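Starting from the known structure of chain A, arrange chains F, V and E on it as the hints suggest.
Number of protein chains: 4
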Amino acid sequence: MTSQRKLPADGWSEQLIESFLGELSLMDSNNFPSNCGVGEREARLASGLVSRRHFHLGHGIGRSGDLTEPQPKAAGSSVINRLTNDLALDALRAAGLRTARACFVVPMATGMTVTLCLLTLRHSRPRARYVIWPRIDQKSCFKAIVTAGFEPIVIENELDGDELRTGIDDVQRAIVAKGAENILCVLSTTSCFAPRGIDRLEELGALCRDHSIPHVINNAYGVQSSKCMHEIQQAARTGRVDVVVQSTDKNFMVPVGGAIVAGFDKALVDSISKNYPGRASAAPSVDLLITLLALGAEGWKARLQERKRMYTELQQRMMQLAERHGERLLLTRNNPISIGMTLTGRGGDRTELTQIGSMLYTRCVSGTRVIAPGDTKVIAGHQFEGWGAHHSHYPHAYLTAAAAIGITETDVERFIGQLDKVLARWRRDRPPPAAPSPAPAG
Amino acid sequence: MTSQRKLPADGWSEQLIESFLGELSLMDSNNFPSNCGVGEREARLASGLVSRRHFHLGHGIGRSGDLTEPQPKAAGSSVINRLTNDLALDALRAAGLRTARACFVVPMATGMTVTLCLLTLRHSRPRARYVIWPRIDQKSCFKAIVTAGFEPIVIENELDGDELRTGIDDVQRAIVAKGAENILCVLSTTSCFAPRGIDRLEELGALCRDHSIPHVINNAYGVQSSKCMHEIQQAARTGRVDVVVQSTDKNFMVPVGGAIVAGFDKALVDSISKNYPGRASAAPSVDLLITLLALGAEGWKARLQERKRMYTELQQRMMQLAERHGERLLLTRNNPISIGMTLTGRGGDRTELTQIGSMLYTRCVSGTRVIAPGDTKVIAGHQFEGWGAHHSHYPHAYLTAAAAIGITETDVERFIGQLDKVLARWRRDRPPPAAPSPAPAG
Amino acid sequence: MTSQRKLPADGWSEQLIESFLGELSLMDSNNFPSNCGVGEREARLASGLVSRRHFHLGHGIGRSGDLTEPQPKAAGSSVINRLTNDLALDALRAAGLRTARACFVVPMATGMTVTLCLLTLRHSRPRARYVIWPRIDQKSCFKAIVTAGFEPIVIENELDGDELRTGIDDVQRAIVAKGAENILCVLSTTSCFAPRGIDRLEELGALCRDHSIPHVINNAYGVQSSKCMHEIQQAARTGRVDVVVQSTDKNFMVPVGGAIVAGFDKALVDSISKNYPGRASAAPSVDLLITLLALGAEGWKARLQERKRMYTELQQRMMQLAERHGERLLLTRNNPISIGMTLTGRGGDRTELTQIGSMLYTRCVSGTRVIAPGDTKVIAGHQFEGWGAHHSHYPHAYLTAAAAIGITETDVERFIGQLDKVLARWRRDRPPPAAPSPAPAG
Amino acid sequence: MTSQRKLPADGWSEQLIESFLGELSLMDSNNFPSNCGVGEREARLASGLVSRRHFHLGHGIGRSGDLTEPQPKAAGSSVINRLTNDLALDALRAAGLRTARACFVVPMATGMTVTLCLLTLRHSRPRARYVIWPRIDQKSCFKAIVTAGFEPIVIENELDGDELRTGIDDVQRAIVAKGAENILCVLSTTSCFAPRGIDRLEELGALCRDHSIPHVINNAYGVQSSKCMHEIQQAARTGRVDVVVQSTDKNFMVPVGGAIVAGFDKALVDSISKNYPGRASAAPSVDLLITLLALGAEGWKARLQERKRMYTELQQRMMQLAERHGERLLLTRNNPISIGMTLTGRGGDRTELTQIGSMLYTRCVSGTRVIAPGDTKVIAGHQFEGWGAHHSHYPHAYLTAAAAIGITETDVERFIGQLDKVLARWRRDRPPPAAPSPAPAG
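Residue numbers (our numbering), protein chains in the order written: chain A, 3 to 444; chain F, 3 to 444; chain V, 3 to 444; chain E, 3 to 444.
The set of hints was computed from the structure by calculation and includes no laboratory data. Heads up, a few of these hints could be off.
Said to hold, decoys possible - Subject to a maximum C-alpha distance of 27 angstroms in a straight line, what follows is the list of computed DSS-like cross-link-like pairs (lysine-lysine):
1) Lys276(E) <-> Lys379(V)
2) Lys276(V) <-> Lys268(E)
3) Lys268(E) <-> Lys379(V)
4) Lys276(A) <-> Lys276(F)
5) Lys268(V) <-> Lys276(E)
6) Lys379(F) <-> Lys268(A)
7) Lys268(A) <-> Lys303(F)
8) Lys268(F) <-> Lys276(A)
9) Lys379(E) <-> Lys8(V)
10) Lys141(A) <-> Lys268(F)
Keep in mind it's a predicted model, so treat the numbers as computed, not measured.
So here's chain A without its partners, still in its complex pose (with noise of 0.2 angstroms):
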């Protein structure tokens, strides 16, 4: 297994992968029985029930100076590492991201990841000052940027029938208004709410290539799509991407606290785990090492097409529940996972339309979100108008709902069952709505 670097075709039973972990934490120098430290960080764990937890892993991954660096002390620590950032590759490309080269595991999230990446390019273009970023409403994605201390250039999305799609020309304006060489790149973004879709990556990719601006992809939950990772390959192969960066726990259902930087060019991406300074956490590696092996090649690729199923599914049932209640899907073809939905009923009311998440929510309902125009946020004293809706000025109250990946047949049953119940209930003392716009070809 250390040696084929490759994902099992079937996946691992629990014992193996506990054996097969007990035996490298025996390889760490913390667990020789005769091992006596006295440096200041010998891996020592007070608590019986941290070690166990932990596999008896207690050296984290890296050194001081790069993050994929083997340690001496701590040989089955670096395997861990190395064949998880290995596994995690071949997962990629599985996916659909045929020609990535490297990548690996950070044990931050999508976030501070995206900010790990900004402050690795400064080093190459120290002039620039400014981040071209198309609009996501997602607030870390924002701060990710302003965190690293550059200024983001917002972008605003274009509205093509219902779906809001990437400002190409606004895009190209800013580049040539700011200068290219004091921008540091481009971040784009695949996966988000509906109805804002996967951004144009090729034209973006062809126009970072034309000015020789990096690109980098925040791809937070795109890996569960093929669609994503295919429009990311093209614009690496037609135009210039440097890096993709992905959560773990969004795509490989483990817990919150990693992700995967990849790229085309191993160079690129070792630039960037060498720039982290220190060791780090190995938890997020060994749980996603855990469960690519639990999954295997053919279970991840069969949660890969369940996913797709479910989607499907996800979009037929609320379709059907869309037209009992008098209102409709928005047409957003380029998000593979989102699905909005229209909420026309005295729309205007913000306060009677977020209650509809609640209601939701105290039925058990996690994860929908329920955007009424007309919120405006400021953060990091840059103005959102019509925050949430990736938008100034969206036409539509909508809600919408995620089949991300792991979801299952109970889970879009109970969600229909709810909403269905919440809305005629919402509806009941509310006169009747008028029939929402018909959507625009898009």
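For chains F, V and E alone, kept in the frame of chain A given last:
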């Protein structure tokens, strides 16, 4: 427990801790029996093995806005996060940082956490480009500055007898030369390898106060030493200290991967937690929580006392051993953890000296460092003469060993035994060493 | 849960089960934080590993007087014990023993448990020396009688077509010959290897009723079959059934080591639990409790249904395979679990036939039995002709396979595949077999 | 390890033990990745929680014929079983039974295991009806005889000073009266509550030798006492000892549920293991194996030493306390574990005396026994006068406490503290007690 916000007097049994975590875990929405999730992040865990080792906690800590903010979907995780920060503050105070006002656990090791602090300070000092940094030869400290995008002003240490202390006049000169407003902060250090001592924190604190420059203290493994904690406390009382960063693994015997950001001003500490973009791994918090509950206040103090006792023990035993081999200990009154011993036999030959380190390692002694004069290293464009010794021209070759928290009698016993054999063997075929020069008065 | 005394409708998550056991465990005195023990048995556990795997339960079940009596020192363990017995009764009823009135779990496997039942019956029948036992060729059943100190009267089975059924006339003759008051009980059997069928329980029950002889049923793995359970229920309704003994591992998929003693008269069942001298291991009870909570009533019934379906599947597949190889299935309408298939090729050669078994085992097929006529075995002084076939002169050589609870499609698939290969290979160099004789009408 | 058959000198870490069990477990056929099972017992485990707590071992120990026979389907379990028996023998020898030749672990507690031994002896002594049993007031010992179907000949103890010793003349008279060939065995006892001492094993052994009567020793918790073990060893050397039965939980600090059958003649011990009908739970063996590996030879001996030290400590502290309260310790030189203290205050009132026990229990003191003269109990038709005191007319009311293996300084400290308070309170409203009579010379 969740309302007291203090360490329990006596440690809890593992059974009780697991029961407590189990109850909290059932409060997270992913563990509700009838939950259905249609969001993009529902804390679904593919592997039962992963789920169990995290007590079925999947949502991590923090919200897009803030590492310390509660998550509505994850009430249990939120309690764990808050409680951990409360107990950590109590533990820091018990260890000597009596007037600390706030702290939080970051799931990143010390280096990256220092980077995060520097990035936060940038927002209030947009013109600043420099970080003043009394030299300490640990790569990740230096890299923390560079990764954050700042230029380190390296302050050479002064030789005071055997000991290396802060070049305080050079700090003052650097402030004047660069201009206070161009300086992001002074980044000082407490814990370090001998013969470097704790930085002159009071003097640095006074300079920072006088020039209105933030003062960040890298207290990596200083929590375990009442001397380190006392000097920070003094500097905060008499001068300026903004942030103190400490490792969880080095001080609290948990796996690598967490740090505590502490301070004397709640607003500043909060601004750092708010600067972290997105959620983060709960694993380091959970590890620390388990460990603090298992220790209790009494257990924590007992561990600190025991470490101090072991330091004296290690010092005595090394002194006797040094005498037997014609060596002597370096006199470093301001280093309460690490101990240096001269290596005088044909000391100029670096290769031969470093053999001692590998001979020890193959005998299961981990953590010693052998420093031979004359190494030069370039890190991020900066050239360090005499790398490893915290000084360009340290006059002795030497070996260090540390009495870090958790060290046992057996560790010391074995170390002394193995070192004795190694030194005997190493000298066998060599000419008798010249007597080491006596230590000048400190 | 602890008051309902019934299986939960839906199974519990492992998380919930662990949390429940954790709470109960804290009620045992050895887990009180301030307990001090000065008895000779204080449930101190030397190894944390052992303690954890038993959820810190150390006191076992029962008291010196009675396996079902609560222990004052161990309130939690006592609840677990009582609850397990309640849920086991509910599960037996759901499986078809509708009028069962009492049962308890014994931490001994079926054989030793039958011994305990016989030893208890002795107290009310002090003159009895014999146990009437319709032959079944499983060593431990026979030994259970001998170990208890009784003399087995072995009743040869009658050949009815392919099938072996109770020699009911011989039973009657034996009762008369030995004298009813000298007979401790009739020990009949439900589940067994084909071609033996379930004993004629109604006829045996009638005889026992008429002669006032106790009737003990060895229902080792019959709980999983509605037919076995139905026939027991019928015999109890129309005739006499005193005690029914069943294995926990064979019916409930827990590790080997427990049995359930059930009956239709609470006083009799209690007298057996009271006859057990001393305490006993709680492990089999805890395993069964966990499993029953995890299954719930729905899960339990689904498992039973699934097994029945798999029996039909296995039968169909074996029938097709038999045809391909010129063999046929033995017609055994009264065996709902085990299936026999003739092996006619030069059938007289025992050594060659038993090769088939080892060829299968080396191909990872476990559990088949190959029976060639002519084996004789002496157990405890009794000579069994034709050992293995439940009959002195069974006319066929054959192989058996069982559709036991938990068997999967994959098991059947692999078994048929391997058996096909093995039979093909085994016959390759042999003369064509004579056609097997047709099954006479059952 | 598996070939050495001896305790490791130093204990193993839990990590190593788990790794070792994990490897063995993978050798059982139910854990082969490609296994397919078509038998009636395939060690399928429905619950993952159950599977993990048993290290995925499901096949139990033993085969239909013999508790110590290997199972072809379960190579790992078989190794575990054999190894446990080997290490148990080594541990018994280290504890003083130097010439023991064989032993095996039975997954039944002491009482039922004694029953099994008696049932086995029956085969070689078919005429025997009686068991000679020097009285000990523990119900399960007496019941072990009755359950096996024998008639106990109760031998009243003789009062020797405070102490109760074997009525050796009565034993001899009983042998003559009943006829040696009608006596199954003498069942003697080592460990018991004060003031009964160890039976006069040498004298009993000589009588058994002279009359050719088997001698079974109930050594329930005597392994922990070098005195008990020494006296057994002596009796075996100079007279006759057939079987020695000891509890695993009381001597080795594992959960209740196992016993060790040991002897000086391998064939006899084997005949008992062969008499067990069927397989049995592996849990008690696995618990003992883990514990013995964790202790190692050094740890085991240290525990035994520590217990002896604690006995002296408990005795001293109780003596001082007794003096303060006008009581005295019972002088029982032949009881190395349990200590009695007179309770003279209005001693005739049984109800008031037994209050002391409940007052202690509500103060978290478990394990004391308060014995007031005059209780009569009928067990299985036999009437015991003065039940609890091992004697029909013991002259004192008293309380016992035991220094059993694993007892700590804290236990003793708390016990003395609570007993002090309870006695003070109990006497407060009572007339001053008469001074207890001095102990006559033993």
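Q.
Can you confirm whether the C-alpha distance between Lys379(F) and Lys268(A) stays at or below 27 angstroms?
A. holds, 25 angstroms
Q | Distance restraint between Lys268(V) and Lys276(E), which requires alpha-carbon spacing of 27 angstroms or less | A | violated, 33 angstroms
Q: Compare the distance between the alpha carbons of Lys268(F) and Lys276(A) with 27 angstroms, and conclude whether the hinted pair is satisfied.
A: violated, 33 angstroms
Q: Given the hint that Lys276(V) pairs with Lys268(E), test it: the Cα-Cα distance must not exceed 27 angstroms.
A: violated, 33 angstroms
Q. Is the hinted pair Lys379(E) and Lys8(V) satisfied, with a Cα-Cα distance of at most 27 angstroms?
A. Not satisfied, since the Cα-Cα distance of roughly 37 angstroms exceeds 27 angstroms.
Q.
Tell me if the straight-line CA distance from Lys268(A) to Lys303(F) falls inside 27 angstroms.
A. violated, 48 angstroms
Q. Are the Cα positions of Lys276(E) and Lys379(V) separated by 27 angstroms at most?
A. Between Lys276(E) and Lys379(V) the Cα gap is close to 16 angstroms, so the pair holds against 27 angstroms.
Q: Decide if the proposed pair is consistent with the structure: Lys276(A) and Lys276(F), CA atoms, cutoff 27 angstroms inclusive.
A: holds, 26 angstroms
(Q) With the threshold set at 27 angstroms, check whether the alpha-carbon distance from Lys268(E) to Lys379(V) stays at or below it. (A) The hint holds at about 25 angstroms.
(Q) What's the verdict on Lys141(A) and Lys268(F), does the C-alpha distance respect the 27 angstroms limit or exceed it? (A) The hint holds at about 23 angstroms.
Checked against the numbered hints above, the structure breaks hints 2, 5, 7, 8, 9 and satisfies the rest.
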